Amino acid sequence: MRRFLSLGLLCLLLLGITVTAQAQTDSTADTTDDPAALELLEALDASSYPAKSAAIVAILQSDDKRARDWLQSLLDGRLQRADDGRFVVVLDNSGREWPVADALTGDPLGEMSRRDLDRIGINNALRNQLRSAIAVVDLYSPDVERRRTSATRLLGEVDDELAEPLSELIAEEEDAQVQRRLTQALAIYQVENGQLEGVETLRGSLHPRVRVALSRAANGDDPIIADAANEALVSIEQNLKINRGLETLYFGLSLGSVLVLAAIGLAITFGVMGVINMAHGELMMLGAYTTWAMQQLLPGQPGLALLLSIPAGFMVAALAGIAIERGVIQFLKGRPLETLLATFGISLILQQLVRTGISPLNRTVITPEWMSGSLVVNDALSLTLNRMYVLGFALVVFASLMLIMRRTRLGLEVRAVTQNRAMARSMGIRATRVDIMTFALGSGVAGLAGVALSQLTNVGPNLGQNYIIDSFMVVVFGGVGNLWGTLVAGLSLGVINQVLEPWAGAVLAKIIVLVFIILFIQKRPRGLFPQKGRAAEG
Amino acid sequence: MSLTTESSTNFWLTRPFSERSTQIFLGVLLAALALVTILHVAVPPDNPLHVGAYTVNLFGKYLSYALLAVAVDLVWGYLGILSLGHGAFFAIGGYAMGMYLMRQIGERGTYGHPVLPDFMVFLNWDSLPWYWLGFDMAWFAFAMVLIAPGLLALVFGFLAFRSRVTGVYLSIITQALTFALMLAFFRNEMGFGGNNGLTDFRELLGYNLRSNDTRLGLFLATGVALGLGYILCRAIVTSKLGRVSIATRDAEARTRFLGYRVERFQLFVFVVSAMLAGLAGALYVPQVGIINPSEFSPIFSIEIVLWVALGGRATLYGAVIGAILVNYAKTVFTGVMPDAWLFALGAMFVLVTVFLPKGVAGLFRHLKRKQRATSTLADKPNNTPEEVSA
Amino acid sequence: MSFLQSLSQRDRVFDFMAPQASPVDVRHGPILYLEDVTVSFDGFKAINNLNLTIDDGELRCIIGPNGAGKTTMMGIITGKTRPNSGSVWFGSRHNLLQMNEPEIASLGIGRKFQKPTVFEALSVFENLELAMAADKRIFPTLTARMTGEIKDRIDEVLETIGLAALRHQLAGILSHGQKQWLEIGMLLMQRPRLLLVDEPVAGMTEQEMERTAELLTGLAGKQSVVVVEHDMGFVRSIARQVTVLHQGSVLAEGTMDQVASDPKVVEVYLGADDEEAA
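Chains as they are written, first to last, in the UniProt record's numbering: chain V, 1 to 538; chain Y, 1 to 390; chain D, 1 to 278.
Hints were generated in silico from the structure; no laboratory data involved. Since the model is a prediction, treat every value here as computed from it, not as a measurement. Just so you know, not all the hints are guaranteed correct.
[What the hints assert, rightly or not] Only pairs whose alpha carbons sit at most 20 Å apart, straight line, appear in this in silico PhoX-like list of lysine-lysine: (1) V:523 / D:45; (2) V:333 / Y:358; (3) D:151 / D:115; (4) Y:368 / Y:358; (5) D:264 / D:222; (6) Y:358 / Y:370.
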């Protein structure tokens, strides 16, 4: 296979860049009557696979600018032959009637029945050959992304005939990433041919194919190369370990940020008012459903809808929170265990409302384009963008809450009421109003958590339930009434969970964390950051 | 209550029999058991008064729930510990019974393995895990029904009470406990049948579980267990230990300064309660024919607390009333309009806590006192009620 | 090690269960020593190098402005608060810092809280029954029976605190003053060697106060009594020996007159005259 590839590459190189340049200028030329091209395609429709393979090489060697499209559609199984002998490219094979285009001219030919078409078959070996061939063609593409993909494709696929032209190509390449990849591809070739310098070049790379090449060399006959390769492998392994650690940390922080978002509203209502709000999870659910509803209202603009859901989710959850506070909690002052039961009842009602009012099934919330994809740090580490946004969002929410508590009149009043309700009241603070505002704030934050969660998990009636116990654990672990405690506890529990997961499995990791917290509470009943002094003595 | 304190010269376990409320409770319970038995056995099936086997079974289930509620009321009502994890003790008792019933299936399972239960054969296990040993013997399994939940409560309670974890914190970690156990029991590797739990039981002590007579027997056994459990709890709460519990509930620090090792009293009552819950679970399982990890779900545990709250906390008989009322309502609702059940349950939680903090039992007492107060005042207009009772 | 210790301590407690024979060794004089005790909350020193000695059978009043550390001191003696440094001895045999609250209580130290805490859901009679010196382990408590002897003892205390007529009332409906007495009654049921009484007359009427003064002075001699009080008039009416605390340490000690004329005391305790006047 490699032979075909290099042959093709060689030809292209011999023809030089002029070929591609020429091909581009020719793109509008009339090709209806094009016996040469037709011949190339006819060859593809051979009965034996070796003949097809030769035909692919022929296409590569031709200077035809349509070569890449042909090869690509052949690879995708879309290059087909109609009953009348014409070659066509199927544009969409989802329905019964397929829209097709002429393979030679590119002109649309309307729809054809699938029964009138014959696919040009390929096998796995041909598929590989095609991919490499396309990679070679792509190395000359003006599109940087294509060049990058094809350069990566060439790792470990270089042989004698390819090696020399490749170094010229490296020199001419303008994009640093393509250049690095091609250098690595060349280095793998060098290692395979006993050149020590190749090992040096490969030392820093994390790509799996590089590792394959090096470990092959490490088991090879040449002791010098083997030693060097071994050494390089060790450093690569170490590097990989660090990267895996970073990845775990990232996932842990991401999970932790979700926990912080879920728990911080709870920390406010629990810490300030002593209210155990079991409906907190359902307030998060409301936030998530607000995002869904927003996207329904603004079809086609998921990003804008998501941004608008941030204030909307906050408001919806905050209003629901006020309703809960006025409707139930105000009658249960000083009876924390009763608020627990009553709000649990509310959570059941809210869940069932969503089940009967909307649907018991999960709703799809679209992730806007700017949030999807991932940030590639290196070959072994890429960070998904949506998680990064949620992490950032959690920190922003935390910082804003900190500001509200520390710098605003409301925060001052809240702190006063927390420490001594009677005294605060006698100083003219309207404790009832503070209660309402606090509960609204805590609930609103739950709504924000829901908006964020809609980007990470399924939005369904059970969304809240899955987080409520975890959130309580975070609050209790961090120490009630301490926002910093909640932050530290949430992030560390997230990381602990992710660290445990690889060797314990997800469920067992969760059990271990729960047991750990149960034991931790025995040791420090007031959490990581307990309130100190006289107030705590009582 | 104070009068019995001073006259409590008799043996602690027989003390409840001299109480009016216990006499009434036991009378009603015995009458109900007798009535159901007569209506089931003596009345012909075509008579509208006939109680079918299905209904007997259903009542048996209610009674096991009632025993569970009594156990929860013992710790919540008299000790002030709101356990949101009593479902765990119930489920463990149930699993102990389920393991015995599984071993009784023997070669009659789908795979016909003489020792291994079907699910283990399915998982390609070649021998029983060590903790399944002995469960083929009834006495061992029945002992485990009490010992296993008791032991869990002992360890958990020892750690929690020793470090004075109380109130809301305790509630939250009991909830975490049952949640962790639920996750654990869902795992196939635990060896308790994973998701599906234990089921397809055939016989108990040689009696076919599908026969109507066995069902009646289980119903009566559950009724007797409820009666005995009630008497035990009543004996505890009317003893000096019960008064120490109430003292702990209302002023823990004060009790400690009187020289009581509060954490040991809490531990004792907690373990007794867990064992009763385990017993309830063991009686429940053969009647419903299955035990699976959903019994560990935190929601079920909170629901138990609702039964107690609805019936009336710290009365014990209130717990029984609450458990039967709520579960009867559940049966009716899920039959007629299943979607509305969660609304009804949620509304019950809210209404009971806000409007009926003393539950149905409190409502009874309130009405009775009102009645008595008006009649006393009518008889002796010069006396205030306090003076009368003093 | 600490397990062994707790075992041995539990053994030691057993022989105190017989209420009359308190093992406290007072042959060397004082029943309570506090030596160089320091407690800090978050850097704030609530108690600062406090030294205090109470003799057997003494009635001692402790006064001091708000925040002088009076309540914290009570907490240290009863095992609720652990000092950062210093030593606390009960008689010459028992190091209180190595014991927990129930152990200290069964040793014969009773405490009345600042805020009266009685068991409101239990009757007056039951409150006293629970307080009574008895075997307070679980099974003896479970199987405990009411004997004539116990009843007599409770009746006796009911008479002393003047609540005999209210014996079957729930403690929750008692007046504030009655709760204070009930709490003192509960202490008496414990037959303590040392009574710690925190603000016994707060919120009492004039007559109630007089009765309380009688009650406390009547106890002294048989028991050692430490009274923490704000009300100067009350202190003057009962005190033989007064200790003034200020900022967590002893400022002055002596009879009420000696203390009241001490210029240091007058300086920090300017409010004293006002309170007395009021």
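Hinted pair residue 264 of chain D and residue 222 of chain D, Cα distance within 20 Å | violated, 34 Å
20 Å Cα cutoff - pair residue 333 of chain V, residue 358 of chain Y | Holds, because 16 Å separates the two Cα atoms, which is no more than 20 Å.
Restraint status (C-alpha distance of residue 523 of chain V to residue 45 of chain D at most 20 Å) | The hint is violated at about 25 Å.
Are residue 151 of chain D and residue 115 of chain D close enough, with their CA atoms no more than 20 Å apart?
-> violated, 28 Å
Pair hint residue 368 of chain Y and residue 358 of chain Y, alpha-carbon separation not exceeding 20 Å | Roughly 14 Å separates the two Cα atoms, so the pair holds.
Starting from residue 358 of chain Y, check that the Cα of residue 370 of chain Y is at most 20 Å away, please.
-> holds, 16 Å
Violated hints, in rising order: 1, 3 and 5; the structure is consistent with all others.
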